[in-house]
Structure formats: C-alpha cells, structure tokens
Amino acid sequence: MATVLAGNGAAAWGFRLSRVQCYPYYPITPSTACSEQISRWVHDGAMEAVTINAESEHSAASQIIAAGKSVRAGTATSSKGLLYMIEVLENAAGGGVPCGLFLGNRATGAPINIWADNSDAYAMRDSGVIQIFAADGQETLDSIIQGYRIAENLRVRLPFAVNLRGFTGTHAYEGVEIPRPEEVNRYLPPFVSLHPLFAPEKPVTYGAMLSAYPYRRHKRNQMAALSNACEITLKAGQEFAEKFGRSYGHFEWIGDKKADLVVALLGESASAGEVATRHLQGKKGIPGVALLKIRLFSPFPAKEIAQALHRAGTKALVVLDEGLHHGGVLPPLAQRLTTAIQLYLGGKGPKVASVIGGLGGSEVRQEHFQLMFNLADNIAEGNPYRPEPYWLDIEEDPIFVERENQVSPKLWRKWGEVWKKQQRKEKFCSPIPPDTNEIRIYSRAGQGAITSAVGFTGAGIQNGYQLLTVPAFGSERRGAIITTDTLLNFHNERRIRSFMRAWDVVILYDDTILYSPEHQVLDGLKEGGALLVNTSHLSVKKIREILNVGQKKVRVLTVPAEAVSERLGLKHINMAMLGALHKVYDKVPFEPAQGYYEKNVPRPREKSLEAIRLGFSETSDREIQRTRKESRLTVSQEFRDWRPEDHSQESWPSALEEVQLG
Amino acid sequence: MHPDLVLRIAGESGEGVITIGETLCKIAAREGIHIVTFRTFPAEIKGGACMIQVRLSERRIRYHGERLDFLICLNQEALDENLPDLKEDGVLLCEAECDLSGEPPGLTVYRVPFERIATREIGSRISKNIVVLGTLSHLLGLPKNKIEAFISQRFARKGKAVLDHNLDALQRGINFAEQHLDKKDSYKLPKGGEQKKLLMTGNEAIALGAAASGLKYFFGYPITPASEIMEWLAVHLPKVGGAVLQTEDEIAAICSVAGASWAGGRSMTSTSGPGLSLMSETIGLLSMAEIPAVIVDSQRGGPSTGMPTKTEQSDLLLALYGSHGDATRVVLAPISVSDCFRVTALAFALAEKYQLPVIVLVDQALSARLETVDPQLVERLPQGSRLCVEPGDGNQFARYRLTESEVSPAALPGTLGGEHMVTGMEHDELGNFACDEETHTAMTVKRFRKLAAIENDPLAQDLCVRWGDKEAEIGIVTWGSSAGPVEEAVAVAKNLGISAQAIVPKILNPLPHEELKAFLGKVKRVIVPELNFLGQLATLLRSTYRIPTIGLTKVKGVPLEPSEIVEKIVEASATLNVRSRKLYGRAG
Amino acid sequence: MYKVLFNRHIGPNPDSFLLPEPVLDVGDYGAISTKGLTSGHQGCTGCGMVTGTNQLLRALKLTGKHVVASIGTGCNEVITTQNTSCWGDVSVDHNNFPNTAATLSGNIAALKALAQAGAVSPKSTVNVGIAGDGGSYDIGLQALLAWIARGEDGVYVCLNNQAYMNTGIQGSGATPYGTNTSTTPFGKVIRGNQRTQQYILDLALAAGASYVAAACPLLHRDLMIKAQKAAAIEGPCVLEFYSVCPEGWKSDTDVFHEITELALETRSWILYEAERERSSNTVLFTLNYAPKKYLAISEYLKLQERFSGMRDFPEMVERAQEIIEARWFFWKPVLEANGIEWKEEARAS
Amino acid sequence: MEELDRSCSYLSGISPVWCPGCGYYGILSALVEAFADLNLPTRELALISGIGCSSRLPYFVKAYGFHSIHGRGLPIAQGVKTANPDLTVVAVGGDGDGLAIGGGHLPHIARNNVDITYLLFNNAIYGMTKGQFSPTTTLFPITKTSPFGLAGEAINPSALAIVYGASFVARGFSVKKEHLKDLIIRGMRHRGFSFIEILSSCSSFNTTDMNVARIIKNLQMVPEDHNQEDEIEALRLATDKEKINLGVLVRNPRPTLGDKFQEARQKAKGKSPVTVETLLNQFA
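Note that the protein sequences, when read in sequence, are chains P, U, F and Z. Quick note: the first sequence uses the numbering used here, first residue 1, plus one each step. Quick note: the second sequence uses the numbering used here, first residue 1, plus one each step. Quick note: the third sequence uses the numbering used here, first residue 1, plus one each step. Quick note: the fourth sequence uses the numbering used here, first residue 1, plus one each step.
Bound conformation, chain P alone:
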C-alpha cells in the first residue's frame, strides 16, 4: 500500500529504514523537509538516532564524518550547503568513512537561485563520493537504503550521495511504497566499524598525515574502492529487486531495444522524456528511439553504457546536462559519455551532441525531448552538428533555426552551416495528446492548498490511481498567489510524472485571483473543463463576465468555502475546497475517499470532515444566493415589493372635476 510522500519525506524514510544513528543537519532549501521529518521522528521517539543541530553544513559534514567512523550517519543538503561541505567530504572519501547524503539538487549561483539543476552535484564530482541520481521519491528511498549497502561494503567503504531534482522531485507528492523495516533489516545489515574509536583496548588514529609515497598508494586504493562501487551497485540493485520487487541498475533504458536515436540524462527530468519517448516510439518515419536515464553517475559505468549503446545500434546520442562544466569542452555528463564511447567503441560508437537545459529551475518538458530526438535524427542522417553544447529555450540561440535573420549575424556566421542543414521535423514535434487528467489550484500562500491537494492525492492513490502533486515553490511571502498541480494517471502499467499543462479542473481558492493580471486562470483549461471558485458573493455569471469566458465550453462552479469554514470555526478553507473538488471532478469517487480522509485530515478531524462534506454539497454551478451567515434576510417577495400607498393616482370626484374639464 503506497503512502503519499514528497521526495524529501521519502528520503527521510530512507534514512529511517536504514537505521541511521547520527543525523546532523543544517537547513537549506529544497532539502530541509527531510531533516525536519527526521527531527520530528527523533523528538517524538519514533526513530532512535542522535540528531545534531549543526551551525553550518561544514560542521554537519564534519559530524557525519566523525560519527560515521563509529555508527551509521547521514545528512541532507543542497546547493551552497553542499559546496560548503565538499571541503570536509573529501576527508570522508579519503578517510574511508561510509556515511550518506541526500541532496535536493539546486542551482549554485550567483545569481542566487533556489530552484533545481545539477550544479551542486557536478561540483562534488571530484570529492570521491558515490553519486546516485534518483528520478522520484520511491527511487530516492530505495537508493538511500542501497546506498548504505554499497558504501559499507568492505570493498568500498566510501560516502555516497543520493540526488533528487529540487522541487519537481523533493516537493512532489506521490505514492511511495515504504518497505517493511524487518525486510530492510535483512537487506541492510547493522553498521560495523572496522576500526572503532571507542575501543580502549585498541586505540586508533584517523586522519594521519601522509607523505608522498604512502599518499599516492592510499589514493590509488581509494580510486579502486570507488571503482568497486560500480559492480557493488549492480549487485545491491539486484538483491534489492529480489527482496522488494523494484529493480535498479546503473541506468534505465526506456524505449526501443534497437534505437538509432538516444537521449541520455540524469534523474527526474526523465519523467518528461519518458512521455516524449513513448509518444515517438513506433511512429511512422521515426527510427527506434530510447531514453538513457543514467542512475549511477560516480563511479561512471562507462563500459556498461558503451555496451548498451552498441547493442542498440545507436547512431546518434544527444546528452542533456542540467549543469555546466565551466571552461570544459563538454558538460560533465556529455563529457563522461563521450569519453566512454571513445574508449570502448572507438569510431564505431554513436555521434554525441550535447544539450544544456533545465538550469535554475527551468522546466525540461516533453517538447524539449521531441526537439532532442529530432536533433539526434538530423545527426544520424549525417548532417553536421555543433561540437559545443546546444541550449534549450534560449530564444537567440535555438536548436533549430528556420531563417537566417532569426539569430544574430555573429551566431549565424558561426553555426549557419549547421543550422542550414538541420531541420525541425513535424513528425518529431507534433503535439502530444494528453493522456492524463490534471488539476491546477491557484491559491494564496498560507491557505492550505497543498494540504488539500496532498489529501486528494492520498485518496486517489488509495483508490488505485497514480497521482502526483507538485506545488509551485518560491520565495513568496504569505499571501502571494501560488499554484499547486495534481496529475492523475490512469495507466497503471506506466509511470507518468510529467504534466502536459492541459487542465481538467482549475481551482481558485480566492476570488480575487480572478483579477490578477499575472495569472490567466483560463490558460490551459481544457475544452469542457471546469473552473471552481471559492466565493461568497460572485455569481457564476459575474465570474464568466470577469474572465470573458464567452462561448467557450467551460463549466464554472462556485463554492462558499469561506462561509463553510467560518461556520465550522475552521481557520482554513482547504477542507471545504477539497470536498468541492470531489464534486467538480468525480473520477476519484467521493464515497471511498471519505474513508481515507477520516484517518488523514488535519485536526480538528470532525470539523475538517464536516467541511469536506459541506464543501461537496454546497458546490454548484447555479447562481448562488447571497450567503451571509444566519443574519441573511429571508423575506417574502411581497414584503420586498411593498411601497407606501400612492394617493396621487386615485381619482377625486369633486376636487379634480375642474381639472379634468379644463
């Protein structure tokens, strides 16, 4: 039975199930929630570990390294926090300390940017840490458990890091299977300290200073240990699959077995790639396509990947990097793949083109993958291509250029020949029909929209659907307008984690959002979709007027959620809105969902449940009556129409006589 967890929550479960004994932490967006969850468990006594409220990431890293010599230790961080750790993390690798890290990947700035890319993970490439890239919460949880298994292997004894893309991964709520602790215990044996510090009978010295000869020997051994991790990872994955039924290797091959065109990348962005790949697969005129989702980045499984590409007969490989290699020829992943192909396949390997995208929270969407496959196709046809990276979503330097004057003359002089020979092909770039249902909530920060969306996700998962909820996350103040998106996938056999941005339902938690010029709430709403507004005073007609809906086929519904909550004495309107959502969107049936809510709604439970029920029943697309608590005036039409008697209209036989005659 899957539980609804965000990526951070899944990571916390990973540490918890791995029986981490020492967990120092220092907060940094977007991975803080993992530490928060563990602190909560430890303070509640649900998890037995020593947490340390460190004053910096540097100290947190020092602490896992110190403690990691005696017990199982781990921490979570991101971005600059990781960079601050790297100084000491090398001591973990050099000192052979098998501690664990969870990284919510985030840009490293400057300019400061709190959103996702792989810059921080790329920055730690040379610190000797095992780097695993997970694509979702489930993989994160599983990878952390496997990570300790790999790291503590006697042939490895190195620190490891599990990476998950910030926000779209760390803050995406979805169904995660939490393995049973006793099964994990069988898979992951207790931590054994090879050279215990706390053994008076055998004093040890860690971190001694070495001169050149012992130093170079030590480093060679360290490299060998890291190389061993490659094999051990595969083994750990296989064993994990045997025990838990979910298999993980060095990489995942998605798409055609024989694939002329391959796009390679790390981590969560594969969700969108998967949708695009499946869309292109088997299409007329399109050769075999596949997505190479690489999981183990360090040590890089070069040989295995080269073999896979060779087996698939790949002609062109496009590598997406969500980070840079400043001053380098190619970005890190592209560089590693190029080297691998060159080393193991020589001239027989596919041609490799590099694409940089997804920086600083940029979306990597389905259409980007379509473009990349298109590019690969061009390369496979023998057309020239850029030796240096292409960029995604840079208007002045696009992948495909139709006309010369589209880009600057300077650029055209440089790449005009390439662009002339390459063309954007409709068969690659046709729009992908949505295959899922999607719901978008516009709310104000602090209104509890995420809680309700997560509740809805849980109810849906309980009813056997795959759901994913991704709240937009930023540096917004309380009261700013934020969005929360939920995706429903009815194809149980396929994992879809990527939004098409075609909304079946759009929900406004606050009717003032209707007036926001920055939020065009009708954008992306499907024909026949529904718009649900929390309002006590706007009529459906008025809303249609404000939005200028016109003849567009859109259902508009309203719910007086604020009045409902106020009546019940609830602070937030989210529970009433949750009920209303069920009324608007009936694919997650209301009756069975209530069973889930009974166990999971926030306190006070009874009132929340009542709010859900009232929200459901009070949602309507009719013109609403004014709802102003009990003081609402209920008076008869007759009463309202009463006016003082008009005596002037009566006839006066006597006094008026003269006037009429005149």
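Just so you know, not all the hints are guaranteed correct.
Each computed DSS-like pair below joins lysine-lysine, with the alpha-carbon atoms no more than 30 Å apart [unchecked claim]: (1) U/K239 / Z/K260; (2) Z/K144 / Z/K241; (3) Z/K269 / U/K196; (4) Z/K269 / U/K216; (5) U/K216 / Z/K241; (6) Z/K130 / U/K158; (7) U/K158 / Z/K271; (8) P/K421 / P/K348; (9) U/K26 / Z/K241; (10) U/K160 / Z/K267; (11) Z/K271 / U/K146; (12) F/K65 / P/K202; (13) Z/K177 / U/K26; (14) P/K202 / F/K35; (15) Z/K241 / U/K158; (16) Z/K130 / P/K542; (17) P/K542 / P/K425; (18) U/K183 / U/K146; (19) U/K158 / Z/K269; (20) P/K283 / P/K80; (21) Z/K271 / U/K160; (22) U/K26 / U/K146; (23) Z/K271 / U/K216; (24) P/K571 / Z/K260; (25) U/K494 / U/K554; (26) Z/K217 / U/K239; (27) U/K160 / Z/K269; (28) U/K239 / Z/K144; (29) F/K123 / P/K202; (30) Z/K271 / U/K26; (31) U/K196 / Z/K271; (32) Z/K267 / U/K216; (33) U/K87 / U/K183; (34) Z/K267 / U/K239.
Derived from the structure by calculation, the hints contain no laboratory data.
Start from chain P and add chains U, F and Z according to the hints.
For chains U, F and Z alone, kept in the frame of chain P given last:
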C-alpha cells in the same frame, strides 16, 4: 355685556407690560375665563416696542382676536403703533402725556399720568405697571383683593419692603382711577365658568406633557423661541428623577438624546429651525438605527437666522424630509396649548412604540402664548412603550429582527444576552453592516412599513379637527397654530352666508389619509392657509393627492388673521360656478 | 549575563561545586602507568605545546577513562601523525582545520548513539577536542561556539601559542599587541600587530561553557587538576594552555621555564578557572596564581625577539601594560580579600 | 492559553475589516484583554463610535455597540452614560472623527467629566476615505487632498485634552500592547472622563507619521515620579518635541456629570413627593 374682550397692553420692553398682561390672565383664569394671548418680543433684550394681547372669553377659543376692544398704551410710540388695530368704538387707556391729535372720534379715551404717579408719588419708575393694574382694576372691574393676593404671591419672596411698595402702587392706581376716571364704556371682564382654569404657555405645556409622559433626560441648546422648554425642565425634571443638560450645540443635544434613548431612558430635545437643520443628520441615524426620540421644533422666521422672535410655519418640509436618504420619522403639529400637552405625550408614545424619531412642530406664536387649559388635561394620556425583551437564550440577539408588526424587540444595554450593534450603516437583522441590495431593500421596507402601521394605530386616530358645515363645498386645510384663525374665519363666513368647512390634521407624517380623502372628496375648492411663503402644506397636499389648491400664505412674522381667510373664502365661493383651471393654476 | 562570584582562595583548586568530590592531585594516584604522547613526534625543541598535550593526555588517562581525541589540523596534529601516530593509548580522529569542535561533536554523537545501542557505556570515554589558537580563535570559532551552545559533554583544549606557527608564524586572533609576525611585521609605518588579543575563555563563558580554565605546562599540577575537572564536569568545558613556541616567538629553546614565569609574574598570562552553576547561572571565578611582586611588561618582552621592535617604543610598551592592568582589574575583590595590592602603582619600583 | 481564551470571549466573531498591518488590531486586542482583566460582563459594556476605520471596532467586540455618525461618538456616549450609569461606556474614534468633525464635542465632554473612557486612535490620516490629511498629519504632508503640502499645523491630541481639562489623559502606542492594556484598564478604573490617545500606524496610507520604528526609537515612558495632578508638567510631557512620552499624563479625579445630576436631583427634591399633579399646580 360682551362675551369676548380683546385687550392689548403696549409699551416699551422693560416697562412691565407683560407683567400686566400675565397678572390679568392669571386672575381671569382663576375666575374660569378662557384666555388666549399673543405677544411680540423685541429683538433687543431691553428697550424696543413690546406688547401683549389678551383675549378673554366665556367660551373655548383658539385665537387671540383680531380687532382690539381695549388698548392700553404706556407711551407715544406704542400708541402710534397700535392705535390702528383698535375698533372704531374701542377703549383707549393711555399715558396722559400722549398726543392724540389724529384720534378717531368714536373712541372712549382714558388718560392717566402713569409715569408721574410712578416717579413722583411712588418714587419708582418700575412700579408703573402696578399703577396701570390698579387703574385697570377700576375700569374692568377686577376685584382688588384678587390683584392684591396675586401681587403678594408674586413679590412675597422679595421681602416685605418690595411687597408693600407694590401694594402702595396698586392702591395709588386704584385711587387715581376712582378719583379721575368715569367709566364711560361697557367693557367688563367676561363671565367665568365654574371651573378654574390653568394658565400656561405652549412651551410650558410641551415641557409638562413631556414630564407627564415619563421624560427622563433632556438635552438641549438654547434657542429662541424654544429655550423655555429647557428652562422649565431644568427646574422641574430633576424633581422627578430626571436630568437636563445644556450641551455645546444641537448636534450634541440630539446625539446625547440618541445615546440616552438607546440606553433606555425617555429622552427629548427642543430647538428651532436652525437647530433642526443641524440635527438633520442625526435624525437619519435615529431612523436608521431605530431609536426613539422626541424633537420639538418651535418654528420662527427663516431661513438661516431669520427672525428669531417672529412666528412662521416654514419648517414643515424640513421636518418631513430633512436628512439624506429615505429617513422615516413622524411629524406632529399641535394646534393649541392644551394640544401641545397631549401631542407631546402622543409623540413619546409613538416614538417608543415604533422606535423612530418624532418631530413636534409648533411655532413661536404657539410657544409663547399663554392659554387657559383644563386641569383634566393629564387624564387619559396616550400611552406607548418600547417593546423590550430579555433574550438570554445564548443566541446572538437580533436587534433588527423582521417581525409581523415591523417593530423589532429591543434589548436595553445591560440586559443579559442582548449584546448587539446599533448602527447608522445599513445592517442585517443582527446589526452587522450589510450593503447588499436585498438587505437594503428589506430594511428600508421595514422602516417605512412602521409608518403605514402608525396610520392604523389607535393612538393616531382622531387626529383631525373639523369645523363648519360637513356638506360645504369650500374646504380649508391648515395646520398648527393657524387652526385658530381658520376656526374664527369659518364662523365669520357662516355669518356672511358662505358655507365653508375646515380640517386640521395634527399628524403630518404619515398623513391621516382616510380623513383627508373623505374631506377632499367632498369639497370643490381647497384653501390652504399657512404661515410660509412656499405653501409647504399645499405642496404636500398637491403632490400627495394631485389636487389644485388655493394658497393663502403669509410671511409677516405674525399669525394669520381671520379676515384674511374670510377674504379667500369669499373669493373661492365666487369661483364655485366658473369652470376654468386657470384660476387655480398658481400654487400657494 | 551571568552572576559573578569569586573564590576567596588563591591557588590550585581541586574542588568544584559542580562535582561531589574533589579531583585527585597527580601525586595521589599512585602507580598508574599512562603513556601520553609517545616518542617519535616531530615537535621543535622547547615546544610548550607538546608538553601541554602530554600533560593533558596523562591527566585524562589517570581518570581511568578511554580518551578519544578529535584533533584539528595544525602543528600538534602534523608533528604527531606524520606517517605514524604518537598518540599512545588514546584514539585520535583528525578531520580538518576548521572543524575540530564539529568533529568532537560528531564523536560525542557517535558515543551517544553507541550508548543508545548498548554498545558502550557513555561514561567510559572522555571526548576531547584539541586545536591550536588559529583553529580556535579564527577558523574554528564558529564550530567551537556552536558546540558550546549545544551543551554537549566534552573537553575542548586550545593550545595557545599566539600565532599560526605551522604555516610560518602568521598573526592570529590570539597574537598579542605589538608582536612581530610574518603577516604583522614590525614595519616602518605599522609597527607589528595592531590588534589587541582576544580571550577564548571569555567567549566560551559567554557562549555557555560549564567550565573554563587557563593553565600552563610550567605548573603541571594545576594543569592536570584542571584537565581532570574538565573531564568530570558535565557539559562543554574549555581549557586554554600557554604554549611556548621558540620558533615562532624567536626565543632561545632553553628558556621555556623563564618565559612562562615572566608571563605569570607580569600577569600577561593569568591562571584562573571559572565554573558555572546552571540553575542560577552563577559563575564562580578562582584565581590560581597571583604574583608576589608585579613585574613590568617590559621584562616579559625582553626574552622574546618577536617583541624586539616594540621594546624601543615606550608608548607601545605602555599600551601593552594598560591591556594587562585592565584585565587584572577584574580580580580586585579577590586580591583585596587576600590583602594583595591590585593597583599598577604597586608593582616593584 | 486560558488568558487568551478569556479575552477571546469578548470578541464578537466578526473579522475586522482593517488592512493587514494595521495598528488597530493591537488596540483591539489590548482592549479585549483589558476587559478580560477587569472581568467585565459583556452585557454591561457599551462601545460607542463615530465613523472611520477605528469606529468599526464595536462590531468586533461582543458588547452593546453603537456605530453612529461622523464625529458624534462622544455626545452619544454621554447620553448612554447619563441614561444608564451602570454601564461601562467606552467611546472610540479616530483622529479625524474626534478632532476634526467631532472636535467641538471633546472640550465639553472633558469639561462635563462624563464617566466614560475615550480611545482616540491617532493614525494621522483619513484611512477609510483612503488617504486624505487629518488634523494630526505632520510628517506626511503630501496627501491626496494636500498635494502641495499642508496648510495647517498638526493638533497634539493629548495636549489638547489636558488643556480642555480632561480628568485623565494618557498616551499609548498600539505596538506596546501590554502597556496599552494597562493604560486602558487604568482609564476604565478612573471615575470621570478618561482620554487615551493611541498612536497607531496606518499601514496603507500613512506609515510616516506613526512610523513604528521612529516611535519605538523616540518613545519614552512617563517617569514613575511624574505628579499626575501637575497639568503643566503633563503638558510639557505631551508636547515634548524630542521624545514621545507614553503613559498616564494626567489623573485628577473630580465629580462626574452623573454626580452633578445626582446633586441636582437632591437639591430639586422637596419634602413631599413630586408628581405630575404637583407640577400642574404652579399653573393654577
């Protein structure tokens, strides 16, 4: 023997003219004679012409009389001013030194050297009025002992010396008259009834009526001619446990009334036109917040400061419509002093029962005039009280609950469980602000239906006075103090052989439609005499009933005279057979 | 702030109101063999730090507990672990330069976790962090103060030789006024170190340390008593050792004794300790040494070439003296109670 | 927690309509906490207000409330207290309400020493009408209706009240809630007219005059040894140009209007009971 005696005493302010009149009235009232007085005030506090006219009658009267039977003048200026009003065969008592060169031949003249007697013989100019009294005692047959008793009562507090001084002056007056004046005319004090009468001014009647209706708190600001109400209450209201406060302005006065009334005490204020203008905003609040209050407006010449000491009936439209928005209120207009008393009581009854402001319109002439009233006045006063509840049921108290009767039960502050808001904003039943269309419509309807309910309330029945032949084709509609001259005029017209009838509604908002409709349905000409330029009642009648009216308006600062009305009646009777609307096209 | 109390008694003090029993004097232990630092280290001749560490480790080992030392990078680490280990019968965890206190913290957490798991007894081990003045006053200050603030149970020792010696004698936060170092050279315009030195024990006390003490290897009884007290007292305890450095101070290698004595007599190094009673937040200060005769600071400057420049500038010497007097003023109540003059004028004339 | 609950029972449950960041929230909370501290029954509380942002306050408090017309809160409160002396009457109003349109009432209510507590919310702007200058605007002279600066000098409300002879004058600050609560309690305990000026920032239209940072920087509590009967010293404190003095400036008890009424009744009452009939006799 004349059934009526119209007497005027004129002189300079400070000469004790009014004391003479009042003494005369007092003695006459004790004799059971009906009295109506009329007096003018100079704009100055001392100095300037002043006079008091007293009409003494055997029957019930509402008018102070048009032509004088008896004129007493204390100086030349007064003589020149007042002589034209004296009947051709009237009596003149004047200062001996006055020049009577243009004197009409038919007069009976008595000349007395009041000034000399007072200054030379008594040695005090201010006792001149007592000398006059002594002279009058002889001429009109006032019993000496009654005058002495009155003087004793009046000067007792000032010490024996003063009292003796005045008694001496009285005696000298009587002596002079007995020695030098031969009674040549037939005017005597009219015959009195068996019942002693009470003598009071309109203002006093209002104050007394308020006290009798349970007034507890009075807030006011001095203004002529309404100040006497506050002055009287300031002395007497604390005796019955009430309180009077002179506030900083009329706004504070009416606001304090609003507060005190909301807190449960019967409260009122009195003012004149300028004050009512200031109070207009709060009248809207009282109407909106449904708080009872009684406001007395003693009208004076306007607009603006106008003529503070002169009478006029020009605040009718302000009283009816003043304040922005659809503000409801009741407007009452008494027609005589005894009416002032009962109408004030009615004002409290209606205000409390229907929780709205009630405006009582009187005018300077009515406020200031002394009139005799029956002591039975205080019996069977109109009664009405506020519908109060003690909720205490735990629910939020709905102050403005919509009910069948349109009157929402109130909870006075201090009542358990009755916490509520009253507000000048449009509100829902709980008193919380609400400005949606439904609430505003419903609440406005609620407030106006109270007025409709008042029309049918037993308290508001029989508020029309009618005189004359019920079949007459000439009708007169008037209001307030103009009723007296109209009553006289109808009688005069009858003597002239013209049949006319009159109706005087004492309630002007809501109008007594049943009675007015019946009246207007009978008559063919409608004369509307009133003391303003615009013809404010006529305007109201024309707009309400779409009838043509013949206006009779006067803005001279003095009351209408019956002869003016008779003139209009004659004029109207001449047009009865002419079928043209042109004649009646002009308003007012 | 905390309430200040003074111990009337001046001298070594085995008693503590935080402990039920006084700690033992070194001589009271009888024959318990301890190792301290073993031979083979690469410390300079006349190094006070090695002596201090040695005395520290011996004192801790005397208590019968296992000692786990988390040590920071610096002379002390480099000279004892190069290709080998001179740490005798204690376990050593060297991690990095800035994170001595954080490493100490990690090891304390590990001990706690192991104790939770029932693997070891929490009282069986003393966790001690050892760093130099650079690692304590400068780069490691954040970690140190945070460790104190967290209130973890351990001992932190700052081996203060008043400059970065391992990297070639650069000025640190603990370098005294007027000192000539390679980054604060005695120039023609700027004459030596212009900063007034900081005092780590003041910072530690302000951050909430349970016990702080200043010691010098010359008075080894006092030092070892303090080390034992720090090991026994619950909560974060911070010790600071006066560590003579002939190389950095440019003094003769055989005047270890004289320099330390002059430091004490001129009061440029004050031996004291302070313990904190947490419930009432009272800190009891004990002065462990008061010179009979106050020597002028100029005497102290004589033996060390690092001060050679300032000797010729009376106003600088005067300033150095003022710094000392200002700090000594704190002890006025104790001195008066013991009939000792505290004023500057009272110094030998 | 219990404390909070008790003061909450004085809230009507209607959510205030004030802007986010408005100082009036602090005043409301100080007021209900003062009620809770004094343990006043809600039924004996009467809150009277005029018009303005501050005058909306009675809606939010569970009590007998009267939201009247612009500037007239004080005379209405006078009427209420006169008619029912058992009520605890609190009048509230803003600087425009109390010092501009209703400014004429203040001296007389102070003179009469009506036993009410008057909270003057001084935010130095007309907030409800959205940003026109008020009688206390100084530092923020460019408003919607004074685009080229102000013509007049600002009024100092506390000084005015002292000069008018209010028997209790205090100045509070909406941010200093506990202090303000204490002032309100003292004002309500004072028998007679209690004038409390409450400085409060208008977060939407004037954050300059009542700038919280500026006031915090410049404020100073009235010295403990200040003689509250010394009106000259109080005036000096109220008009201090350097510092903003908070606290009780004047406390000078004297007979109230109610006392005067009672005295008048005693004096007017003769030996025999007075009825309408006896009143009638004087006209005989």
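Results for each hint:
no.	hint	in the structure
1	U/K239 / Z/K260	holds, 14 Å
2	Z/K144 / Z/K241	holds, 27 Å
3	Z/K269 / U/K196	holds, 28 Å
4	Z/K269 / U/K216	holds, 15 Å
5	U/K216 / Z/K241	violated, 47 Å
6	Z/K130 / U/K158	violated, 64 Å
7	U/K158 / Z/K271	holds, 23 Å
8	P/K421 / P/K348	holds, 23 Å
9	U/K26 / Z/K241	violated, 67 Å
10	U/K160 / Z/K267	holds, 26 Å
11	Z/K271 / U/K146	holds, 29 Å
12	F/K65 / P/K202	holds, 14 Å
13	Z/K177 / U/K26	violated, 67 Å
14	P/K202 / F/K35	holds, 14 Å
15	Z/K241 / U/K158	violated, 59 Å
16	Z/K130 / P/K542	holds, 27 Å
17	P/K542 / P/K425	violated, 45 Å
18	U/K183 / U/K146	holds, 21 Å
19	U/K158 / Z/K269	holds, 23 Å
20	P/K283 / P/K80	violated, 44 Å
21	Z/K271 / U/K160	holds, 26 Å
22	U/K26 / U/K146	holds, 10 Å
23	Z/K271 / U/K216	holds, 21 Å
24	P/K571 / Z/K260	violated, 50 Å
25	U/K494 / U/K554	holds, 23 Å
26	Z/K217 / U/K239	violated, 57 Å
27	U/K160 / Z/K269	holds, 27 Å
28	U/K239 / Z/K144	violated, 54 Å
29	F/K123 / P/K202	holds, 18 Å
30	Z/K271 / U/K26	holds, 27 Å
31	U/K196 / Z/K271	holds, 27 Å
32	Z/K267 / U/K216	holds, 17 Å
33	U/K87 / U/K183	holds, 18 Å
34	Z/K267 / U/K239	holds, 8 Å
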